[in-house]
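**Student:** Construct the complete structure from the given sequences, taking the supplied hints into account.
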Amino acid sequence: MNRVVTSPTGRLAVATAILLVVWLVILPWVGRRPAIDRHVRAMEKGGINPAAMFYTELERLPLRPPWIEQQLVLWLERGAE
Amino acid sequence: MSHDATISVRRGFHEDSSAIVIGGLLVALALGIGLGSRPADEAGSRKAFPKGWPNPLAATIEKPQTWDTSPAQALVDKKGKPVGMPILLGMAWIVGVIAGGTLLRGRSLAAVLPGAAALALLGGLAYLLAAQKVVNYYNLEYPLWALLVGLLIGNTVGTSRWLEPAVGGEFLIKTGLVVFGAEVLFSRLLELGLPGLLTSWVVTPIVLAATYWLGVYRLGIPSKSLCMVISADLSVCGVSAAIATAAACKAKKEELSLAIGLSLAFTVAMMVAMPPFIRWAGIDPIVGGAWLGGTIDATGAVVAAGEMLGRELDDKRPAEVAATVKMIQNSMIGIIAFAVAVYWAGWVERSSAGPQASLAAEAWERFPKFILGFIAASVVCSFLFTRSPESGLWVDGATLGFTSRLRGWLFCVGFVCMGLQTNFRQLAPYLASGRPLVLYIVGQCLNLALSLAMASLTFGWLFRKAVEP
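As you go down the protein sequences, you meet chains Y and G in turn.
For the first sequence, my numbering begins at 459 and goes up steadily by one.
For the second sequence, my numbering begins at 31 and goes up steadily by one.
Honestly, the hints are just simulated from the structure, not real lab data.
Positions of the beta carbon are idealized from the N, C-alpha and C atoms, including for glycine.
Be aware that a few hints might be false.
To be verified - Some chain Y residues judged to face chain G by a derived CB distance under 10 Å, without partners named: (1) 469; (2) 474; (3) 488; (4) 518.
As the list claims (entries may be wrong) - Below 30 Å or equal to it, Euclidean Cα-Cα: the simulated DSS-like pairs (lysine-lysine) are: (5) Y:503 / G:109; (6) G:77 / G:111; (7) G:254 / G:280; (8) G:77 / Y:503; (9) G:81 / Y:503; (10) Y:503 / G:111; (11) G:108 / Y:503; (12) Y:503 / G:346; (13) G:399 / G:254; (14) G:77 / G:109; (15) G:280 / G:399.
To be verified - Now the stretches of chain G that chain Y is said to cover, found in silico as 3 or more residues with beta-carbon under 8 Å: (16) 158 to 165; (17) 186 to 199; (18) 265 to 274; (19) 327 to 338; (20) 352 to 359; (21) 424 to 437.
**Tutor:** See the structure below:
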């Protein structure tokens, strides 16, 4: 057993086994906990991708919200006067 | 052909020039094909095309989709459409970029192809790990898993001889950054008008400079590049800013890995903790949204936190303000990376001994030239984006449909390469001192305080009328 863990291939096999257990058993189990499940469902429902690294990866592109668009136009017009 | 010319052809292009040529060609290809597929009707309507004109290249690239219990779920998108083939084609793009870079640099193509294919597969594996639902919805982004995959292989069986010629993390990340330039649109900087500009532009440079100064001169961290990468990471927009500034100040791969690890750990904590804190503290939701946008590192996590804040109030505005403030910060990456590259080449790396050339000549000698490709792509796409509603949708179609996905693959495989080339022992000194962690925490506290003050001043007082319905 010790030889397996110290050989390079053995260490890779152990690391791979740990990854498989974490990703295929532990994480799906964690995902079924009520608090986590609620968070995931809320994000899915809102079409949100929390893993987006940049705004272009968001499912909904942030655009200037209409409620501020109108106010900014008014504000700029007042400034011009 | 002269002897010198023969040698120069055999040596090929410099890595930076190769990245500019390939990145530039890919952006031009996306724009060219996008223009050729201009919709016949409503070509200028954002309502008809919310993500820009459909770009045919979008069908040639995809990444594994979110999955819950079985990785096979990653091969089908949310609408039930199979994405196995576009994922394979995405890997083929990576092999193509590595092959193109190899040819431009005058190296043997046959020696890199098997390794390039293996790297693309490892990139796919990293994306698959990142797509697990819990991992994905808690913002543990793919660079972390790409590094992990590379580190595991590199520190166990090592990098095989046949794989080694293809392992070029820096080239892939530089090419990814040139392609990334097409997404960094300066025009987005004005999206929220003066309140957004003040919140993003005043606080970000102050936090960046103060954190860098603190790391170098107060905490005495020996590596200036590590201080700069951590500072940009926490003050601008997390991983993407860390990648851009690390390349601009030529940071070591271990330094970038450490900064990304710190950023992702704190992003998860801040995404979960800040919305309840804002409600508990009775902070105005709009001010709270701007605060989230200015402080949480990762873009996706900002939107998630804004949504959590607005959900209980049944108000979409916090998420909208948070996303837009973060988008303004996103758009600052180009300027920040350029400024860091100039500062590094002109001041930090300038030798004090030996014959002194002019500042400009020395700075140009050391300047990372690929940054010019990044800026050029950004300037061209920003110019096209603002020309008309039609051209804005043309650029959006090319970037959202193709270049952003390709950039993701390039970064992902680039990080696999970085992991393969990193020894766990090289990370130990950084972790043992604990000073980078202290720098991150102190810098983030400063960021939290200044951003809250500025968000209160702009969205809570000076321009309050503009944000009230």
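**Student:** What hint numbers does the structure not satisfy?
**Tutor:** none
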